[in-house]
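Got chain A sorted already, so can you dock chain B onto it with the hints?
These protein sequence lines are chains A and B, in that order. Letter by letter, the first sequence follows residues 1 to 88 in the UniProt record's numbering. Letter by letter, the second sequence follows residues 1 to 98 in the UniProt record's numbering.
No lab work stands behind these hints, which were simulated from the structure alone. Any given hint could turn out to be false.
Lysine-lysine pairs mimicking BS3-like chemistry, simulated, CA-CA at most 27 Å apart [as the list claims (entries may be wrong)]:
1) B:K62 - A:K51
2) B:K62 - A:K66
3) B:K97 - A:K32
4) A:K39 - B:K38
5) B:K36 - A:K18
6) A:K78 - A:K46
7) A:K39 - B:K97
8) A:K30 - A:K46
9) A:K78 - B:K97
10) A:K30 - A:K66
11) A:K46 - A:K66
12) A:K39 - B:K62
13) A:K78 - A:K39
14) A:K32 - A:K66
15) A:K78 - A:K66
16) A:K51 - A:K39
17) B:K97 - A:K30
18) B:K38 - A:K30
19) A:K18 - A:K30
20) A:K32 - A:K46
21) B:K38 - A:K18
22) A:K30 - A:K78
23) A:K66 - A:K39
24) A:K30 - B:K36
25) A:K78 - A:K32
26) A:K32 - B:K36
27) B:K34 - A:K32
28) A:K46 - B:K62
29) A:K32 - B:K38
30) B:K34 - A:K30
31) A:K32 - A:K18
32) A:K51 - A:K66
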Amino acid sequence: MSESFQADLASLDVESRKELMAWLETENSKSKFQQSIHKFNDLCFKRCIDKIEGPMVTPNEEQCLKGCLHRFLDTNTKVVNNLSKLQQ
Amino acid sequence: MALSSIFGGSSASAPVIPPSTSTSSTTSNAVKDKIKEKLEIELAQANATELVNNLTENCFEKCPGGDDACIASCTQKYMVSWNIISQAYLGLVQNAKR
Numbered sequence: 001m002s003e004s005f006q007a008d009l010a011s012l013d014v015e016s017r018k019e020l021m022a023w024l025e026t027e028n029s030k031s032k033f034q035q036s037i038h039k040f041n042d043l044c045f046k047r048c049i050d051k052i053e054g055p056m057v058t059p060n061e062e063q064c065l066k067g068c069l070h071r072f073l074d075t076n077t078k079v080v081n082n083l084s085k086l087q088q
Numbered sequence: 001m002a003l004s005s006i007f008g009g010s011s012a013s014a015p016v017i018p019p020s021t022s023t024s025s026t027t028s029n030a031v032k033d034k035i036k037e038k039l040e041i042e043l044a045q046a047n048a049t050e051l052v053n054n055l056t057e058n059c060f061e062k063c064p065g066g067d068d069a070c071i072a073s074c075t076q077k078y079m080v081s082w083n084i085i086s087q088a089y090l091g092l093v094q095n096a097k098r
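Same shape as in the complex, but just chain A (with noise of 0.2 Å):
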């Protein structure tokens, strides 16, 4: 960050800073759900869109982009789960 930006920061009183904090902790959410969609995005994609013969999405396809996203956070829980076991 830029020193302007640092000196900014300092002019601030804390009441400003805990409003600042609290807003940078909703755009930090904000911004780690739009990178999960273009993780989740770029598999999906690859996995469920075979040719490119027009700009629409056809239904089977969009059927499997749903699939996938799903298919894609069970594995998530699935591999958290043997994680745990492996641990015990």
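Just chain B, lined up with the frame of chain A:
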């Protein structure tokens, strides 16, 4: 990203910025808005970069010939797909919270 990284360094070594008492609340608000605006731009840029990188990679793969029509369709399809995934994931997250 840890919040502390934005404010410089780990929490252990973060410089303690003395609270300012002289600043009036109007100046404070202006400064706050300025900081928010700056961070919003940085976040939006990071998001756009990620999107462009993923789009390029995927359409490079789906359009080996690299023709304009394919890339245009691929771009549109990728964005539609983005919205489908986003809506579906949002629905799942909101359901899980209930």
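- Task: Take a quick look at whether K51 of chain A and K66 of chain A sit within 27 Å of each other, Cα to Cα.
- Result: holds, 18 Å
- Keeping to a limit of 27 Å between CA atoms, is the pair of K30 of chain A and K36 of chain B held or broken? Since the Cα atoms of K30 of chain A and K36 of chain B sit roughly 14 Å apart, the hinted pair holds (cutoff 27 Å).
- Pairwise hint evaluation, K18 of chain A against K36 of chain B, where the allowed Cα distance is 27 Å at most: holds, 13 Å
- Item | Restraint status (C-alpha distance of K34 of chain B to K30 of chain A at most 27 Å) | Distance of about 20 Å is within 27 Å: holds.
- Message: Run the distance test for K32 of chain A versus K18 of chain A: straight-line Cα separation, threshold 27 Å.
- Response: holds, 21 Å
- Query: Given the proposed pairing of K97 of chain B with K30 of chain A, does the C-alpha separation stay at or below 27 Å?
  - Reply: holds, 16 Å
- Query: Are the Cα positions of K39 of chain A and K97 of chain B separated by 27 Å at most?
  - Reply: Status holds; Cα separation ~22 Å.
- Item | Given hint K32 of chain A paired with K78 of chain A - CA-CA distance at most 27 Å | holds, 22 Å
- Quick one, are K30 of chain A and K78 of chain A close enough, alpha carbons at most 27 Å? holds, 26 Å
- Message: Between the alpha carbons of K39 of chain A and K38 of chain B, is the straight-line distance 27 Å or under?
- Response: This hinted pair holds, its Cα atoms lying about 25 Å apart.
- Task: For the pair we were handed, K38 of chain B and K18 of chain A, check the Cα-Cα distance against 27 Å.
- Result: holds, 18 Å
- Query: Straight-line Cα separation of K34 of chain B and K32 of chain A no greater than 27 Å?
  - Reply: holds, 23 Å
Going through the hint list in order, the structure satisfies each hint without exception.
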